[in-house]
Amino acid sequence: MKVIALLTDFGIQDIYAGVMKGVIWGICPDAQIADLTHEIPPQDVTAGALALWGAFKFFPKGTVFCAVVDPGVGTNRRAIAIQTREHFFVGPDNGLLWWAVSESEIVKCVELRNQTYFLPSVSQTFHGRDIFAPISAHIANGVPLEEFGPDLEVSELVKLPPLKAESSEQVIRAKVIHIDRFGNAITNLRYEDFVKWVSGQRAWTATIGGVRFNSLNSSYAEVPAGEPLLLFNSYGLLEVAVNQGNAAEQIGIRKGDVLEIWTERRDEK
Amino acid sequence: MKVIALLTDFGIQDIYAGVMKGVIWGICPDAQIADLTHEIPPQDVTAGALALWGAFKFFPKGTVFCAVVDPGVGTNRRAIAIQTREHFFVGPDNGLLWWAVSESEIVKCVELRNQTYFLPSVSQTFHGRDIFAPISAHIANGVPLEEFGPDLEVSELVKLPPLKAESSEQVIRAKVIHIDRFGNAITNLRYEDFVKWVSGQRAWTATIGGVRFNSLNSSYAEVPAGEPLLLFNSYGLLEVAVNQGNAAEQIGIRKGDVLEIWTERRDEK
Amino acid sequence: MKVIALLTDFGIQDIYAGVMKGVIWGICPDAQIADLTHEIPPQDVTAGALALWGAFKFFPKGTVFCAVVDPGVGTNRRAIAIQTREHFFVGPDNGLLWWAVSESEIVKCVELRNQTYFLPSVSQTFHGRDIFAPISAHIANGVPLEEFGPDLEVSELVKLPPLKAESSEQVIRAKVIHIDRFGNAITNLRYEDFVKWVSGQRAWTATIGGVRFNSLNSSYAEVPAGEPLLLFNSYGLLEVAVNQGNAAEQIGIRKGDVLEIWTERRDEK
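Chains as they are written, first to last, in our numbering: chain A, 1 to 269; chain B, 1 to 269; chain C, 1 to 269.
The following block holds chain A by itself, in its conformation from the complex (with noise of 0.2 Å):
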């Protein structure tokens, strides 16, 4: 089994992401290539370490996700490999694997310098063809780690925040990290997370755009469309919704906005 998995910021208007595969199938010519997306918006590292972290954990072990999105092109910021138990990763070291590497058992890191591995002429501007799609090729045609490079130490890796709601006794500070195509907005608190905190079944009231929610629900459909509701989705994670609806603008929030989550002795005061 080989299964390539692309994760960018390239968009599909251009080719640079077709271009990809056409270097892979030039070196591992039966990978299955799966397009994650290409939408990430520009540069954006933290919403494309968010995709890759929902995405990974439902692909077949040996899956090599390939993931570019690389305001750095060009500079001297590390290019790296990673094997865990699972899979591989390939991308710059910019923090945007490093959500789904870090909740996964890393067995390698590697530096990619060995440019025997890399397309003949490298640019300086789209590594993404010339440097990722190659290894990524390479490492699905069961070329072990330790030819690309040095070894790192995961202490080297650029990492980003935990993808964790701030919280304190009293009160949860869920931030809208990504808002989808349906309007759903999707926060950093998780499932288990949450489960820890109202332990004791505790009441709590959540606040968002001037909304209040005091229960959970399983599934849009539980209230009346064009209703709110929150829910903690497929991905474990708090999201605000509205049944057939885009809660998005309904609401008015935005990336960035925060969900307020209180225990009920706020509402006694």
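One thing to keep in mind: the hints can contain errors.
To be verified - Computed from the model, here is a short list of chain C residues facing chain A with C-beta under 10 Å:
1. V3
2. I40
3. F59
4. H178
5. D193
6. N214
7. S218
8. A221
9. P224
10. N233
11. Q244
Everything labelled a hint here was simulated from the structure, so no lab data went into it. Cβ coordinates follow ideal geometry from the N, Cα and C atoms, glycine included.
Once you've looked at the hints, dock chains B and C against the given chain A.
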């Protein structure tokens, strides 16, 4: 041959469609996966049904269509799989599959109940990933439909109104059901129905948005650039187009508008 | 190895591109199909030709490029297939294939006339599905070009003006031929032509939209974030960019604008 064709309203800026491919290749590593489109307008079951109808005939025998436009996800709407003489169709039982299967010879319908063939943990918000993708992959692997759940009668399926224009002796009312990328306005009038109505070669006048037509063309380029025309398109549906232009913008046509075709008697009055 | 690369102006919200895959896999079940892009602006043959030119060199030997930007569909414009030393190209004879094949060693050109290799019923509006997709699949299956129709001389092909900037001793006029997703403004000035012009290392000044440049950079990150720069991009064409920004928006550059490069004598006057 194992072709799985995906049709959803998930868009391509999110990872939802990409994740379905990961799930499919985890179960059926050699499936060829085609994206029919992921840009069905959110929750527009009719638009999805039209797209599936227009596409399915051009896919090889044995193709599995995995279609997900699913406003009722998480409710008790049924999840179904349908085997026709040539193809397989998997999706929610909300009419999405109806136009395609109603023009095929249906061999078997089942309700998807056997969780053995779902992902181990099924969310209430993303059955595309948790139910429809894995079932499609198992079908591609040759698992027979009876494995997935109890039989359904065709009469039990949720249906859409037939894909057909209203007509009387005097007039056909062809509804615009889709505007494509080129601005072509596609109606629900089928070629065979028009031929029957017009038999005896009577003259007619068609009007929409103040533009009048008295004849059909067979290609865009039969009229000068910038001029409107009427033709039966590559799916056999009546279409209003502008040669090298955008009919919807130029004539002011929107989805839901009606093109009326009158016998000449109207003008004789 | 059987790679078929698709390049069209069909967009992705409709099923047109997806249907071509169904047709291809019906004829050549093990073809690997790459979407180069389907977002060429409607009927913009030049934009399609540029995209194909930028991409084809990165695909493996034997790749079949199926390119459809076809404002003349249904007219008597020719449908053609061209074999070069490395690749195959299939599409309408309107210049779309020209920039790619003119930089290759052309081995054979034929007009597509033999209906045996088309779909059984050919529409007058969608030759991508009915002619170009099936022919591409038959080529991938190894059918030789002479099967499809009579030979054409290269001199008979419809051509585009060369991909080359106008220049004189004093000045180069580099035309902006594409704005990419990042807002990079890509011109028709090739690296080798610039090197020849600048030989003797004379000084020069380039201007576009009131911005002036006196030197080239080799990567975006060589200038501070938000600053404009000039570089030869990964396709060897001169590009106006802004590090981590959008040059087209920031400088106000549109497709068709001209960047002028003067020898220093201009300023000496």
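Tell me if N233 of chain C is really an interface residue toward chain A, meaning its C-beta lies closer than 10 Å to one of theirs.
-> With Cβ-Cβ at 6 Å, under 10 Å, it holds.
Given V3 of chain C was flagged as interface, is its beta-carbon under 10 Å from a beta-carbon of chain A?
-> 5 Å, holds
Hint check, F59 of chain C versus chain A [nearest Cβ-Cβ separation less than 10 Å] = It holds, given that the least Cβ distance between F59 of chain C and chain A is near 4 Å, below 10 Å.
Should the interface hint for A221 of chain C be scored as holding, given a Cβ-Cβ cut-off of 10 Å against chain A?
-> With a closest approach of 4 Å, the A221 of chain C hint holds.
Could you check if Q244 of chain C really has its C-beta closer than 10 Å to a C-beta on chain A?
-> Holds - the Cβ of Q244 of chain C comes within 10 Å of chain A, reaching about 5 Å at its closest.
Given hint D193 of chain C near chain A, where the shortest CB pair must fall under 10 Å | For D193 of chain C, the interface hint is violated, since the closest Cβ of chain A sits about 18 Å away, which is over 10 Å.
Let me know if the C-beta of I40 of chain C comes in closer than 10 Å to any C-beta of chain A, holds or violated.
-> 8 Å, holds
Would you check whether H178 of chain C satisfies its interface hint, that is, whether its CB is within less than 10 Å of any CB in chain A?
-> The hint holds - H178 of chain C has a Cβ within 10 Å of chain A, the shortest such distance being about 8 Å.
How about N214 of chain C: closest beta carbon in chain A under 10 Å, or not?
-> Check failed: Cβ of N214 of chain C comes no nearer than 20 Å to chain A, outside 10 Å.
Interface hint status, P224 of chain C versus chain A (Cβ within 10 Å) = 12 Å, violated
Report holds or violated for the interface hint on S218 of chain C, using the least CB-CB distance to chain A and a cut-off of 10 Å.
-> 5 Å, holds
Checked against the numbered hints listed earlier, the structure breaks hints 5, 6, 9; every other hint is satisfied.
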